[in-house]
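2 protein chains.
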Amino acid sequence: MSKVLTTTPRQDGFRMPAEWEPHIGCWMLWPERSDNWRNGAKPAQHAFAAVAAAIAQGEPVTVCASPAQYLIAREMLDPAVRVVEMTSNDSWIRDCGPTFVVNDGGQVRGIDWKFNAWGGLAGGLYFPWDQDDLVGEKVIELERDDRYAPDFILEGGSIDVDGEGTLLTTEECLLNPNRNPDKSREQIEQYLKDYLNLKKILWLKKGVYLDETSGHVDNFCRFVAPGEVVLTWTEDRSDPQYEISADALERLKGATDAKGRPLKIHKLVGPKPVLITKEEAAGVDKVAGTLPRESGDRLAASYVNFYIANKVIVMPYFNDAADVPVQQMLAKLFPTRRIIAVPGREILLGGGNIHCITQQEPLGRRVVQMAGAA
Amino acid sequence: MSKVLTTTPRQDGFRMPAEWEPHIGCWMLWPERSDNWRNGAKPAQHAFAAVAAAIAQGEPVTVCASPAQYLIAREMLDPAVRVVEMTSNDSWIRDCGPTFVVNDGGQVRGIDWKFNAWGGLAGGLYFPWDQDDLVGEKVIELERDDRYAPDFILEGGSIDVDGEGTLLTTEECLLNPNRNPDKSREQIEQYLKDYLNLKKILWLKKGVYLDETSGHVDNFCRFVAPGEVVLTWTEDRSDPQYEISADALERLKGATDAKGRPLKIHKLVGPKPVLITKEEAAGVDKVAGTLPRESGDRLAASYVNFYIANKVIVMPYFNDAADVPVQQMLAKLFPTRRIIAVPGREILLGGGNIHCITQQEPLGRRVVQMAGAA
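Protein sequence lines, in the order shown, are assigned to chains C and L.
Start counting the first sequence at 431; every next residue gets the next number (my numbering).
Start counting the second sequence at 431; every next residue gets the next number (my numbering).
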């Protein structure tokens with residue numbers, strides 16, 4: 431059904447839209463594996479359900495669940511959410527799912543990147559990842575879209591675009607030899623430019639301290655509008671995060687985007703360091719080959735990991751003094767959207783947050799089909 | 431996503447359309463279980479792929495495959511066919527899938543009957559059937575349709591409608607105590623009338639000789655137009671089929687449809703008896719609890735088991751002298767459709783044929799979404 435295209439989106443006049451452009455909906459994967467999610471993934475499932483219900487206030491949401499979890503997901507999720515069967519190895523559709531591109535006529539196509547669980551056998555987080563790698567293809571086929579299938583490993587969370595030719599990423603991730611070791615920085619830039627139709631790549635050095643994704647930019651620094659970014663920040667110079675954020679700030683200050691604009695930078699001060707408790711660690715099954723969750727480990731908590739839906743922003747909160755100021759700042763940055771804060775800790779315990787567990791699908795010129803609607 | 435409705439289609443002004451009314455597409459399930467399909471289901475998979483490719487010449491086809499078979503199905507199926515992941519216990523979507531209903535405004539809804547593998551623990555064909563029973567719900571949810579969920583066991587192959595208020599069925603199946611033992615004939619009639627919006631039920635006694643479905647009408651006698659039916663026939667009075675078909679002929683001759691019309695009856699002479707060979711039987715895994723396939727068993731071969739697609743009819747052939755005359759007769763009965771004959775034996779070996787492995791979805795007022803199309 432999905433035609434596999436051997437051209438590139440750039441050749442065909444397709445580009446990756448910014449996340450704030452209109453969506454036809456949002457995709458998620460249902461968490462299940464007990465060697466990553468504590469207590470049989472039950473707390474995480476409630477957290478994912480809250481995220482899905484919040485996004486569903488702004489746009490249609492589809493949650494994909496394994497055969498074993500289908501009825502459980504259907505029962506726990508808001509009735510407004512659509513549930514479809516889909517097997518995966520874990521639940522990070524931002525990273526293993528498709529990237530959608532559109533053209534000026536509003537046509538939509540999918541890019542089915544290769545996925546190796548954030549580093550494959552050289553530092554990846556689990557094995558195998560074969561079902562995760564099929565998620566992009568399956569979602570694109572469900573949507574009857576045509577598909578680009580580049581021989582290139584990329585996680586959606588490692589990039590962020592302004593929809594106008596500029597991409598943000600980190601050297602820590604994209605130049606990591608456990609992703610595309612046979613490709614130089616220049617070749618990687620060319621892949622991004624060809625598949626996302628970009629003019630300029632802005633390279634930051636690292637992502638959030640101890641982020642197990644090798645420093646995904648979507649947890650660290652993202653566009654909120656053309657020419658405007660938010661950056662994870664701390665004022666604590668003794669925190670290893672300080673040096674990372676300060677380096678990014680310097681780079682961003684000296685940069686211009688694809689249209690030649692300097693960047694307006696909004697510092698998003700993070701919560702106080704979030705550590706795994708003994709009880710939380712004890713709830714995770716220890717399995718050889720899967721990244722362990724140890725008591726006292728610091729988690730890569732960041733408010734930057736929010737999702738931009740059609741009518742709402744869904745952000746994580748951490749029961750931290752910074753929660754409300756951040757929500758107020760996002761309200762100013764996104765004046766046409768309601769800011770919904772949902773508990774982020776249980777998602778963070780699995781290694782990411784709200785942006786990591788979601789993937790937007792652009793509206794293009796498609797009509798939303800609500801077949802049962804009057 | 432799918433709202434569960436507690437009213438009935440009749441109350442809401444919905445009816446089951448005839449199969450020749452326009453479809454948005456056709457659903458199938460990919461065969462896999464080696465205790466029903468010989469040689470690891472490989473010959474059946476090729477047969478199903480031929481059916482899907484033939485139907486795809488007339489309308490969009492979606493084949494649902496288990497996680498384990500997803501890539502294999504994608505590789506073996508025509509590129510025009512859409513493949514989605516869906517778990518099932520076997521591959522008879524006519525019987526375990528949804529029945530779609532429409533209203534005069536072109537809205538579409540699904541009926542998610544209960545399913546018990548043709549008789550449950552009292553003569554059913556395998557255990558468990560839990561995943562089959564979810565197929566209706568999953569398909570309806572994928573389509574974002576609202577859903578009726580009657581507490582009533584019904585297989586789609588046990589009924590046939592003219593879209594104008596008349597239903598054909600058999601006593602052998604619908605009155606079998608292993609389906610809805612707590613309901614009388616009158617109560618069963620009322621369920622059918624309420625959910626399919628009917629005025630008249632035409633009861634035949636039995637279906638095709640040795641049909642393991644308890645005599646499904648879709649393998650025996652079906653509407654081909656309002657006021658016209660085809661009936662499985664034999665001229666061999668020593669064949670047990672003769673008495674069954676003759677009884678049905680008498681009943682049909684004496685009947686009128688919901689609009690008061692007498693029925694025009696077209697006899698469809700079947701192929702010579704089709705028996706399982708020793709080699710075929712040897713290819714099926716023997717598993718306690720699943721109906722065995724024994725060498726010499728007679729199969730319920732019938733040409734009535736065809737599928738009516740938008741632009742084509744897909745019928746089984748059996749390398750029998752009757753193949754061509756039947757194809758010519760169907761060409762006369764469906765003058766606006768091309769008649770495609772595909773090999774039926776491998777599907778028959780599993781217990782049914784082309785109509786049993788397909789389920790149409792009416793077009794209603796929906797626009798076919800081909801998101802990738804220009």
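These are computed hints drawn from the structure, not numbers from a lab.
One or more of the hints may lead you astray.
Any copy, or any two copies together, can satisfy a pair, since identical chains are not distinguished.
To be verified - Using 35 Å as the maximum straight-line C-alpha spacing, the simulated DSBU-like pairs for lysine-lysine come out as follows:
| # | residue 1 | residue 2 |
| --- | --- | --- |
| 1 | K433 | K694 |
| 2 | K433 | K472 |
| 3 | K472 | K544 |
| 4 | K697 | K613 |
| 5 | K741 | K433 |
| 6 | K694 | K716 |
| 7 | K629 | K708 |
| 8 | K683 | K762 |
Hints versus structure:
no.: 1; hint: K433 <-> K694; result: neither (41 Å within a copy, 45 Å between copies)
no.: 2; hint: K433 <-> K472; result: between (38 Å within a copy, 25 Å between copies)
no.: 3; hint: K472 <-> K544; result: both (29 Å within a copy, 29 Å between copies)
no.: 4; hint: K697 <-> K613; result: within (33 Å within a copy, 69 Å between copies)
no.: 5; hint: K741 <-> K433; result: both (32 Å within a copy, 23 Å between copies)
no.: 6; hint: K694 <-> K716; result: neither (44 Å within a copy, 70 Å between copies)
no.: 7; hint: K629 <-> K708; result: neither (47 Å within a copy, 67 Å between copies)
no.: 8; hint: K683 <-> K762; result: within (21 Å within a copy, 77 Å between copies)
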